[in-house]
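As given, the protein sequences belong to chains A and B, one line each in that order.
Residues in the first sequence are numbered consecutively from 135, following this note's numbering.
Residues in the second sequence are numbered consecutively from 69, following this note's numbering.
Rather than coming from a laboratory, the hints here were simulated on the basis of the structure.
Glycine included, each C-beta is placed from N, C-alpha and C at the ideal position.
Among the hints, erroneous ones may be present.
Stated by the list, open to error - Listed below are the simulated DSBU-like cross-link pairs for lysine-lysine, each with C-alpha atoms no more than 30 Å apart in a straight line:
| # | chain 1 | residue 1 | chain 2 | residue 2 |
| --- | --- | --- | --- | --- |
| 1 | A | Lys248 | B | Lys319 |
| 2 | B | Lys150 | A | Lys248 |
| 3 | A | Lys356 | A | Lys161 |
| 4 | A | Lys254 | B | Lys320 |
| 5 | A | Lys295 | B | Lys305 |
| 6 | B | Lys319 | A | Lys244 |
| 7 | B | Lys305 | A | Lys244 |
| 8 | A | Lys254 | B | Lys95 |
| 9 | B | Lys320 | A | Lys267 |
| 10 | A | Lys258 | B | Lys147 |
| 11 | A | Lys248 | B | Lys301 |
| 12 | B | Lys301 | A | Lys254 |
| 13 | B | Lys327 | A | Lys248 |
| 14 | B | Lys305 | A | Lys190 |
| 15 | A | Lys248 | B | Lys320 |
| 16 | B | Lys301 | A | Lys295 |
| 17 | B | Lys150 | B | Lys331 |
| 18 | B | Lys95 | B | Lys147 |
| 19 | A | Lys367 | A | Lys190 |
| 20 | B | Lys319 | A | Lys267 |
| 21 | A | Lys254 | B | Lys319 |
| 22 | A | Lys190 | B | Lys284 |
| 23 | A | Lys244 | B | Lys331 |
| 24 | A | Lys267 | B | Lys301 |
| 25 | B | Lys301 | A | Lys190 |
| 26 | B | Lys305 | A | Lys267 |
| 27 | B | Lys260 | B | Lys147 |
As the list claims (entries may be wrong) - Which stretches of chain B does chain A cover? Using the computed rule of at least three CB atoms under 8 Å from a CB of chain A, they are:
| # | segment |
| --- | --- |
| 28 | 284-291 |
| 29 | 295-302 |
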Amino acid sequence: MNILKIENLTVSVDNKIILKDFNLTIKSKEIHVLMGINGIGKSTLTKVIMGDSNYKIENGYIYYNDVLLNNMSVDERSRLGIFLGMQLPLEIEGVTNADFLRSALSIREKESFKLFDFIKELDKNVEILNMDKNMIHRGINQGFSGGERKKNEILQMYMLKPSLVMLDEIDSGLDVDSLKIIGNAIYEYYKKYNPGILLITHYQRLLDYVKPTHVHIISNGKIEKTGDASLVKEIEKNGFKNISSKKFVSTSECIIKGKIKNE
Amino acid sequence: MNKIKVVDDNLKIANVNSGINIEYYEKECLFAINEIKIVVTKSTDLEIEINLKDDTKLNFCIDLKEDVNLNLNIVTKGKSGKVQYKYNLNRNCCLNVFKFQNVDIIKEMITLNLIGENSKIDYNFKTISNDKETYDYHIFHKSKNTISNIKNNGVCIKDGTLIYQVSSFVPKEITGCTVTQSNRIINLTNNKCEIRPNLYIDTSNVEASHSALIGKFSDEEMFYMQSRGLDYKTSLKLLITGFLTSDINNKKILDFITKNIDKYWR
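Excised from the complex, chain A in its bound form:
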C-alpha cells in the first residue's frame, strides 16, 4: 500500500498564497478528482508534490510512504514512483522521446535495464495509445498536436510505471476518439498496477472512463467539499457557486503580506 499524505500545506508563489493549510491523503487504488474554478491552485498542488522550485512551501508536510518529500529533488520524487502528467507538456528540441525514456528507465533500473525489452514495451504501448510509431524518434513533443502531447504523457506513464499518478487536465485538447483512448488507457493502467491517482479536470467526460472514488472541490487554498462521483454531476448542473455557501476566491486575490502565520 502506497500512501501520499499532505498535512497542513501552505504554498506561495511570488509572495502570493496559493494553498493554505491544505490536507489530503491518497492511497493505492484510490482515484481522487480535484475540481475548482480556474486559478484556484489545482495545478499548484501537483507541481508542489512533484517538487517544482518555483513554488515555496511556507508550512506543512508532504509524505510519500512516510518519506518526507519537502526537501527532496524532483528526480528523487519521480524515482519514488510519483508521476505528473502535465497540462501543457513542453516541446524539447532534439531530445527524442525514445532517448528520453531510455535514459529515464536506465537510471531507475540500473543494471537490470534491457534495451531489447525496452524497445518491445515501447512499441507495444505506442500501439495501445494509437500513436504514430515515428513519433518516438522525434524530439519530445516536437511538432505534436495538443492531443498527441497528452498521449505522449500517458505513454511516459506506461513506461515509467509510477505508483502515484497525477494527471493535470489530461483531457483538455482531446478529440472524442483520443479521449476514449486516453480514458481507457488510464483505467487499464489503474486496473493493472493499482496506483493512487489524482486527476484534475473540469469535465465529467474523462470520468466516464476513469471512475473516481473521491471528488474534491478546492477553494480558498484548501478542500472545500468532498464527495463521490455524483458531486461532479452536481457541479456540471449547478456550477461551483451553488455547491458551497462560501465565496470562491481565485488564488491571485490572496496576497500574502509579511510572513505567513500558522492558523
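Use these hints to put chain B onto chain A, whose structure you have.
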C-alpha cells in the same frame, strides 16, 4: 563520399570524384594565406575535415556552378586559427552545410554570395566553445528569389566565450528573397557571449526573420526532464545533445558531436 582533409594549413587528402575540382594555392610569401578552391559542377556530397594547429590561417573558396546541389559536412578540431570561407552560389544552386567544431580559439569569417536566381543555402552550425570563438557572417543576396537559412547553435563552457555576428544584405530591386537567421547560445559560464543579428534590407518584397537567444536551459525544461526521474547531470547532457544534434543527419558529424559531449559531460 568525396573527402578533403586539411592539417594545419596544408591540404593532406583530397579524394574526390568527377564533379568536384580542387585547386590548392600555397602561399608564396610569408604573410600570404594558403587557399583551397573547390569548384562543384555536379550535385554531390563533400566532407571536409580540418585539424588546426597553432594559429593556423586558411582560406576556402567554394563555387557552386548552375543547377548544382551540394551537401557539405565540415568538422573542425584542434587548437587555434583564423579560417575564411567564401561560398559562391550560381543560378538554381542549393547548398546544405552541416558543420560542427570543437577547437580552442577560432576566428572565422564566412561570406555567402547568393549570386544566381533561385539559389538557396541552409547553413547549420554547432559548436562547443571552451575558449574564444568568433564567427562573422556576411550573407549577400545578389539575385532575385534567393533563400538563406542560417542556424547557429553554440554551447559555452569553462573559459569559453562565443560571438556570432550575422549580417544579411538584400539590396534594392532584389525581390522575392527569404532571409532567416536563428542564433542560440547556451551559456553555462559567467563569461560574456554576444549575438549581433543584422538584417540590412533595402527592398520591401522580402520575407525576413531573425532570432537571437543567449541563456541557460529554462527551469521548465529542467523540471520536465527531472520529473521523469533524470538527475540534473543527465538532464543537462540530454538537453545539450538535443541542442547540438538537432537538424544534423550526417552520421560522422553526429558521432563526432556525441564523442565531444561525452568528453565534457561524462
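The hints, checked one at a time:
For the suggested pair A:Lys248 and B:Lys319, the alpha carbons sit about 25 Å apart, so the restraint of at most 30 Å is met. At roughly 47 Å between alpha-carbon atoms, B:Lys150 and A:Lys248 are farther apart than 30 Å, so this suggested pair is violated. A C-alpha spacing of about 19 Å is found between A:Lys356 and A:Lys161, which places the hinted pair at or below 30 Å, so the restraint holds. Note on A:Lys254 and B:Lys320: the hinted pairing holds, with a Cα-Cα distance of about 28 Å set against a maximum of 30 Å.
Taking the CA atoms of A:Lys295 and B:Lys305, the gap is about 24 Å. The hint holds against a cut of 30 Å. Between B:Lys319 and A:Lys244 the CA atoms are separated by roughly 28 Å; this keeps the pair inside 30 Å, and the hint holds. A distance of roughly 18 Å separates the Cα atoms of B:Lys305 and A:Lys244; the hinted pair therefore holds under the 30 Å criterion. For a cut-off of 30 Å, the pair hint linking A:Lys254 to B:Lys95 is broken: about 59 Å separates their Cα positions.
A threshold of 30 Å between alpha carbons decides the hint, and for B:Lys320 with A:Lys267 the separation of about 26 Å falls inside it, so the pair holds. Simply put, A:Lys258 and B:Lys147 have alpha-carbon atoms about 48 Å apart, too far for the 30 Å limit, and the pair is violated. Between A:Lys248 and B:Lys301 the alpha-carbon distance is near 22 Å, which keeps this suggested pair within the 30 Å criterion. Distance hint between B:Lys301 and A:Lys254 is fulfilled; the C-alpha atoms sit about 28 Å from each other, no more than 30 Å.
Among the hinted pairs, B:Lys327 with A:Lys248 is consistent with the structure: their alpha-carbon atoms are about 23 Å apart, no more than 30 Å. Distance hint between B:Lys305 and A:Lys190 is fulfilled; the C-alpha atoms sit about 27 Å from each other, no more than 30 Å. The straight-line distance between the Cα atoms of A:Lys248 and B:Lys320 is roughly 27 Å, inside the 30 Å bound, and the hint therefore holds. For the hint linking B:Lys301 to A:Lys295, the alpha-carbon distance of about 23 Å falls within 30 Å, and the restraint holds.
Straight-line distance between C-alpha atoms of B:Lys150 and B:Lys331 comes to about 25 Å, which keeps the hinted pair within the 30 Å bound. Restraint check: the Cα-Cα separation between B:Lys95 and B:Lys147 comes to about 21 Å, which is no more than 30 Å; the hinted pair holds. Between the alpha carbons of A:Lys367 and A:Lys190 the distance comes to roughly 34 Å, so the proposed pair goes past 30 Å and is violated. Only pairs whose Cα atoms come within 30 Å are accepted, and B:Lys319 paired with A:Lys267 is accepted, the gap being roughly 22 Å.
Between the alpha carbons of A:Lys254 and B:Lys319 the distance comes to roughly 25 Å, so the proposed pair stays at or under 30 Å and holds. With a C-alpha separation of about 22 Å, the suggested pair A:Lys190 and B:Lys284 falls inside the 30 Å cut-off, and the hint holds. Taking the CA atoms of A:Lys244 and B:Lys331, the gap is about 22 Å. The hint holds against a cut of 30 Å. A distance of roughly 29 Å separates the Cα atoms of A:Lys267 and B:Lys301; the hinted pair therefore holds under the 30 Å criterion.
The straight-line distance between the Cα atoms of B:Lys301 and A:Lys190 is roughly 24 Å, inside the 30 Å bound, and the hint therefore holds. At most 30 Å may separate the alpha-carbon atoms for a hinted pair to count; B:Lys305 and A:Lys267 meet this at roughly 25 Å. Taken as a hint, the B:Lys260 and B:Lys147 pair is honoured in the structure, with Cα atoms around 21 Å apart against an allowance of 30 Å. Against chain A, the segment 284-291 of chain B contributes 4 residues with a C-beta closer than 8 Å to a partner C-beta. That satisfies the three-residue criterion, and the hint holds.
Coverage of the segment 295-302 of chain B by chain A holds in this model, with 7 residues showing a Cβ closer than 8 Å to a Cβ of that chain against a need of three.
The structure fails hints 2, 8, 10, 19 (numbered hints given earlier, in ascending order).
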